Each structure stands twice: as C-alpha cells, then as structure tokens.
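Chains A and B, in that order, are what the protein sequence lines are.
So for the first sequence, our numbering puts the first residue at 3; every next one is plus one.
So for the second sequence, our numbering puts the first residue at 48; every next one is plus one.
Just to be clear, a hint being listed does not mean it is correct.
[Said to hold, decoys possible] Computed footprint of chain A on chain B; a stretch qualifies when at least three of its residues, placed anywhere within it, have a C-beta under 8 Å from a C-beta of chain A:
1) 212 to 219
2) 708 to 715
[Said to hold, decoys possible] Which residues of chain B face chain A? A partial, calculated answer using Cβ under 10 Å:
3) 200
4) 204
5) 642
6) 679
No lab work stands behind these hints, which were simulated from the structure alone.
Values in this document were obtained by computation on a predicted structure and should not be read as measured data.
Note that beta-carbon positions come from the ideal geometry of N, C-alpha and C, so glycine has one too.
The residues making up each chain are set out below.
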Amino acid sequence: MSGNQREIQAVHGEPASFAFDAESEAAIAIILKKYPTGRQASAVLALLDLAQRQMKRATGSAWLPRLAMDTVAARLGMPPIRVYEVATFYFMFNTKPVGKWHLQVCTTTPCWLRGSDEVVATCKRATGIEHFGETSADGLFTMTEVECLGACVNAPILQVNDDFYEDMDVASTERLLAALRHDTPPPPGSMTGRQASAPEGGPTTLTTLAQPSAGE
Amino acid sequence: MAKVTVDGIEVEVPNGASVLQAAELAGREIPRFCYHDRLSVAGNCRMCLVEVEKSPKPVASCAFPVADGMVVKTDSPMVRQARRGVMEFLLINHPLDCPICDQGGECDLQDQSMAYGMDHSRYREAKRAVRDKNLGPLVKTVMTRCIQCTRCVRFAAEIAGVPELGATARGENMEIGTYVERALSSELSGNLIDICPVGALTSKPYAFVARSWELKKTDAIDVFDAVGCNIRIDSRGPEVLRILPRLNEDVNEEWLADKSRFAVDGLKRRRLDRPWVRRGGKLEPASWDQAFDAIAARLHGLDGARIGAIVGDLCDAESMLALKELMAALGSANLDARQDGAQLDATRREFYLFNTTIAGIEEADAILIVGANPRREAPVLNARIRKRWLAAGVSVAAIGAPADLTYPVRWLGAGPDVLAALRAGSEGFAATLRAAKKPMVILGEGALRRADGAAILAAAWMLAAEIGALSADWHGFNVLHNAAARVGALDLGFLPGPGGKDVAAMLEGGVDLLWLLGADEIDGARIGAQTFVVYQGHHGDRGAARADVILPGAAYTEKNGTYVNTEGRVQRGEFAVFPPGEAREDWRILRAFSARVGHPLPYDDLDALRRRMAEVNAVFARIDDLPRRGAVDLSPPAGDPAALLSTPFAPAVVNYYQTDPISRASPTMASCTATFHQPLAQAAE
C-alpha cells in the first residue's frame with residue numbers, strides 16, 4: 003500500500019483487526035488449489051464468503067468489515083478496491099453489521115402475489131424494524147428486501163441466514179420469529195407441512211398410478 | 048487485413064481492429080464516452096452504436112471486431128435512433144447544471160447531446176444524487192454528473208498504476224470512488240480531469256475560475272522536469288489560469304504530471320516585479336538604471352577570474368547563451384549550470400542524454416534504473432516505462448532506495464557496489480541484461496550528484512557497453528535529468544571554461560561577483576560574505592534572499608524560450624502573458640546590461656540570438672527533430688569506474704510537489720505536500 007493516510011470509514015462496529023482463523027485457513031488452502039498460479043484472484047468470492055462466515059462465528063453478525071476485505075485482497079494479491087467492488091456488487095455480502103437473524107424477504111412478483119406484503123408487515127410488527135435494511139433495537143434481527151430467491155413454487159419466501167422458510171403467512175411468520183427469539187429455529191422448508199414443492203393436500207395428478215413395491 | 052465498407056467508403060484495417068477504428072480510418076466520426084484509445088475497451092456507454100449489415104441489432108463499434116467484407120453504416124435511421132435512445136438514458140440521471148459546471152464549453156456530453164441527442168427528455172421521475180468524493184487537493188468531484196464510463200477507473204489502474212478507483216455497488220446505486228475516503232496517490236491524477244468526458248471530475252484549484260472560450264491558448268513547453276512535456280497555457284488578460292497537456296506522441300502522449308499542471312498558481316505569488324538594490328544591508332526598490340549602475344560599479348576594475356555565473360533549472364537556452372557570452376566579454380570562464388553538483392561529462396552529447404528516447408522505451412526489453420526514482424523525477428516518463436511493462440512484462444531492476452514505481456521492480460541494492468557486481472556478473476540480473484536484445488540503463492541525478500558521480504557515470508556506461516546496450520541501432524545508455532534547463536546548458540557549454548571555477552568553488556569565495564540566473568537550489572549561506580550577488584529571476588526565493596541586486600526576469604510562461612529535454616529534443620515554448628510590473632525577458636536584460644558595461648552582445652532581436660545559438664551548437668537549429676541514435680564510439684566518459692564509494696544512493700527528489708521557486712510559491716503544491724508528502728515523511732520517521 004502506497005501512500006496517504008487512510009480515513010477509516012465510520013462504520014459502527016468495525017473491528018480493530020481481522021485475520022483468518024484456523025477453520026477458514028483450512029478451507030482457503032483447499033479453495034486456492036482450484037486455481038492455477040497467478041489466477042488466485044478468482045477465489046475472491048469464496049474467500050469473501052469465508053470471511054463473512056468467520057465474522058458470524060466470531061461475533062454473531064455475518065458481515066464484511068473493511069479490514070476483512072483488505073485481508074482478502076492481501077491474500078489474493080489484488081488491489082483492495084477490486085475487492086470492495088466485488089463485495090459491494092453482490093447482495094449476499096453485507097458491508098454493514100447485521101443482526102443474529104438476517105431476515106431476507108422476497109418481494110418479487112410471485113411472492114408479492116402470494117402475500118409477501120403481509121410477511122413484511124408481520125416482520126416489522128414483530129421486530130420493531132421500520133424500514134428495510136434496519137436492525138432491530140435488540141440486535142437480533144435485520145430485515146432486507148431481496149429479489150427473487152428462485153423458490154417461487156412455494157411463495158412467499160422468507161430466507162433466514164442460509165435457510166429458506168416457505169409458504170409464509172402472518173401466523174407462520176409470527177411463529178418463526180418467536181422461535182428465532184428463543185434460539186430454536188424450526189427446520190427449514192415449507193411452513194404448511196407439504197413435502198418440498200408437492201401440491202398442497204396431496205397429489206393431484208397420477209393419483210391412480212400404483213406405488214412401486216419395495217425392491218423393484 | 049480486412050476490407051470494411053463504412054458508409055460506402057472502403058478501408059483496409061488490420062484483423063482484430065474494432066469497427067470504431069475502421070470508421071475513424073474512413074473519416075467517419077463515431078460519438079463515444081467510455082472508449083479512449085489509450086485505455087482498455089469497456090464498451091459500457093453504448094454511445095458508439097453503429098449498424099452492421101446482416102446484424103439485427105446495432106452493435107457497440109468500440110468493442111466489435113471487424114470482419115472481412117463487413118458493411119457498416121454510421122448514419123442510418125437505425126443508428127440515429129439508437130444514439131438518441133442512449134443519449135436519453137445517459138441524461139436521465141445527469142443533472143441539468145451546465146450553467147454552473149466547470150466542464151461547460153468543453154464537455155463531451157454537452158457536445159454530443161447537441162449533435163446526437165433529442166431536443167427534450169421524456170423522463171419525469173426523480174433523478175438520483177450521489178455523494179461527492181474527496182480525491183485530494185487536485186481533483187474536484189461532482190459525482191451526480193458521473194455517467195459511469197469508468198475511464199477514470201481504467202486510467203488509474205492502467206496508466207497511472209494506482210488501482211485505487213473503482214465502481215462500487217450496482218445498478219442505480221453504482222458509484223465511482225475509492226470506497227475508503229482517500230486522496231488519489233498519483234502524480235498523474237490531473238489527467239483524470241482531461242479524460243472525464245463530463246463534469247464529474249474537474250480541477251479543484253480552477254473551480255469556477257473561467258470558461259474555456261474566454262481563454263487565450265498558447266503552445267509552450269513544461270519546465271518542471273526534464274521531460275519537456277508539451278503544454279498549452281490557457282490565459283486571460285495578464286493571468287495564466289491553467290495548463291493542459293498538448294499531444295506529442297514522442298514525449299508525453301497526452302499526459303501531464305500534476306506539478307506541471309497545478310503549480311501555475313505559484314506564478315502569481317512571490318514574484319519579483321521590480322529591481323531591488325541592497326543598501327546598508329537592506330533590499331530597497333530601485334530603477335533599472337540604479338540596479339545596472341550598482342552592478343557596473345562593483346564590476347569596475349574587477350578581474351574576469353573573480354566574476355562567476357550560475358544558471359538555474361528553469362532557464363531558457365536564449366538567456367543562458369546571453370549570460371555565457373556576457374561572461375566571456377567580461378573575461379570570465381567561471382560558468383556552471385550544475386547547482387546540484389552533478390558530475391556530468393559534456394565532452395560527448397551521448398554521455399548526458401536519455402539516448403534511447405522516451406518513445407524508445409517502448410522497444411526496451413530489460414531496464415536497469417540506477418539512483419533514480421522516475422515516478423517522482425519524471426512522472427510522465429515513468430508512465431511510459433509502466434506502459435512498456437504492461438505491454439511486454441519487461442523486467443525492471445533498480446539500484447537505490449526501494450519505492451513504489453507503479454510496476455514491479457527488483458531492488459538489487461542501495462549503492463554503487465551493485466553496479467560493480469553487475470559488471471562482474473556476480474549479480475543475477477546481469478544475465479537478464481545480457482540476454483536482452485534492447486537493454487536500457489537509466490542513470491539518475493541521485494547517482495551523479497555524489498563525490499563519485501564521474502566514476503558511476505563511467506561504470507554505468509561501461510556496463511551498458513558490456514551488456515550490449517550500445518550498438519549501431521540501439522542506444523541503451525540514458526541519463527535522466529531533473530532540470531529542464533540542464534541539457535540546454537550543457538549543449539551551450541555553460542560549464543567552467545579553461546581554468547574556470549565550478550559551483551562549489553564559486554560559492555566558497557572563489558568569485559567577488561556572482562551572477563545567479565534563476566539559481567535557487569543553492570545554499571545562500573555558503574556564499575562568501577564578501578561576494579556581491581546579482582540575482583536575475585522571477586521569484587523571491589532562496590537566490591533573491593541572498594542577492595545584493597535583484598533583476599526581475601520572466602517565468603517560462605512569459606517568454607519565448609527554447610528548452611532541450613533529457614532526450615536532447617530541442618523544443619520551443621511561446622510567450623503567453625507579459626511578465627509582471629517592470630520584469631523583462633531575461634535575454635533582453637542581459638543584452639541591455641552588456642551595452643551598459645560597454646560589451647554589447649551581437650544580437651538585437653530573438654531571431655539573431657537564435658541564429659547565434661545554432662552557431663554555438665547545431666542542435667539548436669533542429670527544432671523538435673530527434674533522430675534515433677545508435678552508439679558508434681564506445682569509449683567511456685572520463686572517470687575511473689573503479690573509484691566507487693559505498694554510500695547508498697540518496698533520492699534526488701524528496702518532495703515531488705515542491706522542487707523549484709514556482710512550486711514553492713504555489714498554495715496548491717503546498718496543500719499537496721501536506722496531503723501526500725508529509726504523511727509519507729512522518730511514516731518514514
């Protein structure tokens with residue numbers, strides 16, 4: 003790094019230092035082997051993801067402080083700005099701290115038609131968050147508006163950290179948030195109990211087809 | 048080669064060329080924002096859309112390669128429609144603030160929306176606004192005006208070699224900036240202002256100063272380093288308002304270093320606008336006659352051997368010749384142009400020139416830099432080395448204090464012992480140099496201004512000869528000067544004559560009358576108390592502080608001057624504004640004084656003086672004509688190549704932003720020093 007003094011961005015919670023821990027280092031060693039020498043910059047997305055997950059382990063908040071991005075840049079021999087560009091481009095990297103439970107509500111057309119507005123309203127009511135991108139006063143929840151999560155068959159979708167909760171409505175959103183508050187997240191998937199994206203209430207086609215017997 | 052028809056005009060272009068280049072060859076103008084012929088192709092502004100036969104959609108001509116038999120239309124209804132659409136989109140988020148925008152009048156967006164845009168906008172929604180960035184004391188940002196062409200991002204990463212700018216976030220939230228607030232750490236940052244096609248990046252010191260159509264434009268030559276960048280002086284009335292680069296592919300391409308561009312406010316401060324004479328220890332205002340009388344009185348009866356003259360770093364060749372001939376008329380051989388004590392050998396021109404030439408760097412395949420930091424001493428030349436490294440990955444090694452030169456450098460060591468090791472072959476880089484077909488050795492001032500400067504010069508020449516850098520069609524021995532006047536002075540023979548004294552001897556009581564022509568880089572305290580000092584120059588700087596008589600001269604913007612750059616290229620700058628007050632062109636002052644003391648110089652006008660210059664050295668007859676050199680005579684310069692000291696090379700330029708009387712008087716350069724140099728200096732402590 004040449005030069006002039008850097009003004010550290012006034013992001014609340016910016017840690018004093020960042021270094022990859024043993025778990026991340028083990029993963030980095032595997033990732034970097036995938037790329038030929040001199041092409042290590044290709045690993046920038048994977049390393050940023052590792053850094054964000056390490057922050058989650060260490061602080062409970064999955065986000066990328068500037069120091070973490072600088073660490074990734076130094077490790078991959080990239081100018082830091084190239085890493086900032088990538089990290090700010092992709093929505094799954096958080097450049098500000100997020101709550102313990104990151105509520106990512108899909109509001110794209112299919113989810114919206116199936117009632118995502120109610121999911122949003124319920125999340126707001128239950129957490130006290132007023133606008134997208136905010137974190138609740140207790141630091142437990144951050145709510146973000148996201149574009150299509152690719153699970154429209156089970157719309158509306160509420161993604162919590164890495165897991166999809168599907169077929170949400172007011173009641174199931176309230177139950178989910180209450181469970182998260184008690185640190186007992188329910189198993190991800192449909193909240194109406196249907197299997198994957200099978201029709202609600204059982205099969206509607208191929209109903210007469212004989213079940214194959216075991217061993218066939 | 049591919050045959051392409053552009054609007055019915057058939058042109059032949061090399062395979063791999065873009066449709067835009069083919070259209071330019073056919074003389075058709077293609078509007079563009081993101082495309083710049085010295086930067087990589089981005090293809091994101093879409094302004095250069097053209098119609099290609101058999102293609103259903105318009106194509107971006109800057110990024111579309113030609114094919115044999117391609118038929119291109121650049122002015123069809125489809126193209127016009129497409130351009131109007133692109134223009135409308137670009138203007139959606141562009142503020143309508145042309146009346147308060149500094150780019151107004153020289154704005155690509157303005158011109159092209161007049162030429163290719165619609166007459167109105169259909170956009171009724173709210174426009175986006177972007178927070179301005181702080182890029183330091185030179186570049187002002189109004190980021191709402193940015194059209195995200197990313198020229199600045201590519202310039203910083205490719206040409207300047209400081210990858211600090213980027214495009215963060217995405218879609219409507221995309222912003223150009225540094226992400227972390229910081230000043231752009233480049234000596235070439237002013238060029239961002241030139242390449243920005245809109246008013247997003249403008250000059251901070253020039254903000255709200257003038258409109259481009261109010262300015263008188265004068266072609267001139269830059270004097271802040273020895274590269275001899277071609278510049279355009281923009282002036283209004285008696286004031287120089289700004290300086291811009293002028294295209295010269297062989298010297299500066301279209302770039303200019305920050306000091307050359309932004310030190311111009313120093314031309315209005317601390318100027319000497321009338322003669323002064325020291326009476327009773329105090330400088331008092333005087334008339335020209337009184338000043339001349341005072342010098343003539345001191346000269347009366349003085350032996351020629353007790354008179355001396357030193358010229359400074361910013362002098363034009365005309366005034367140096369006039370001073371040399373005045374000294375000759377007074378019987379003095381005490382002349383010197385080397386304020387820094389650089390031990391140069393002027394017996395042959397190739398001993399003190401950058402023989403490879405700046406454009407020649409682009410052919411080099413191995414480069415050794417000795418005792419120089421080209422990034423600080425000649426930023427534009429350094430950009431050429433970087434360009435060569437980017438194009439061919441040439442290996443660059445350097446001897447001296449490690450620094451970031453914007454390209455990878457192998458630092459071989461700190462002192463001249465490495466030079467000896469390279470010659471002996473015990474340093475590994477010697478093999479690289481020997482294997483190279485066109486190796487270059489660049490010798491800096493930091494290596495020459497030492498006690499063993501002559502030895503280093505000889506050793507570097509012999510190294511160049513031994514590695515095959517000196518051949519009939521390649522001259523790889525280069526001296527990188529820092530002073531714009533230096534090569535001109537050497538060409539004119541402004542050096543101690545037979546029995547003459549050099550700078551050190553003159554300062555230490557060797558003369559009774561010392562004439563300083565713009566010489567400010569010497570320590571006034573070293574001048575003997577009995578020495579009568581005449582300072583002729585334009586700024587009240589170090590030289591004037593010690594002077595007994597001050598003769599106000601003209602700065603480089605105020606005179607017709609000839610300058611020889613480090614390559615030996617003779618270039619002429621033109622007069623843009625008058626010198627302030629009673630100040631006069633320097634050669635006229637010397638001509639007038641020569642008449643006062645009864646030795647009138649044999650020229651009454653500039654033409655006669657320039658004819659005399661060409662008589663003294665024929666190179667002055669060849670303006671901007673620089674033949675490629677080869678080395679014929681390999682005999683080394685005088686100096687014992689074995690007499691090397693072990694002290695490490697000291698950098699010749701410590702603070703890039705303040706190196707001469709003009710930049711020391713410039714408030715902009717002072718704030719650059721505070722922003723860029725002082726944090727570095729503190730970090731080094």
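Evaluation of the provided hints:
no.: 1; hint: 212 to 219; result: holds (count 6)
no.: 2; hint: 708 to 715; result: violated (count 0)
no.: 3; hint: 200; result: holds (9 Å)
no.: 4; hint: 204; result: holds (8 Å)
no.: 5; hint: 642; result: violated (53 Å)
no.: 6; hint: 679; result: violated (42 Å)
Hint violations for this structure: numbers 2, 5, 6, all remaining hints satisfied.
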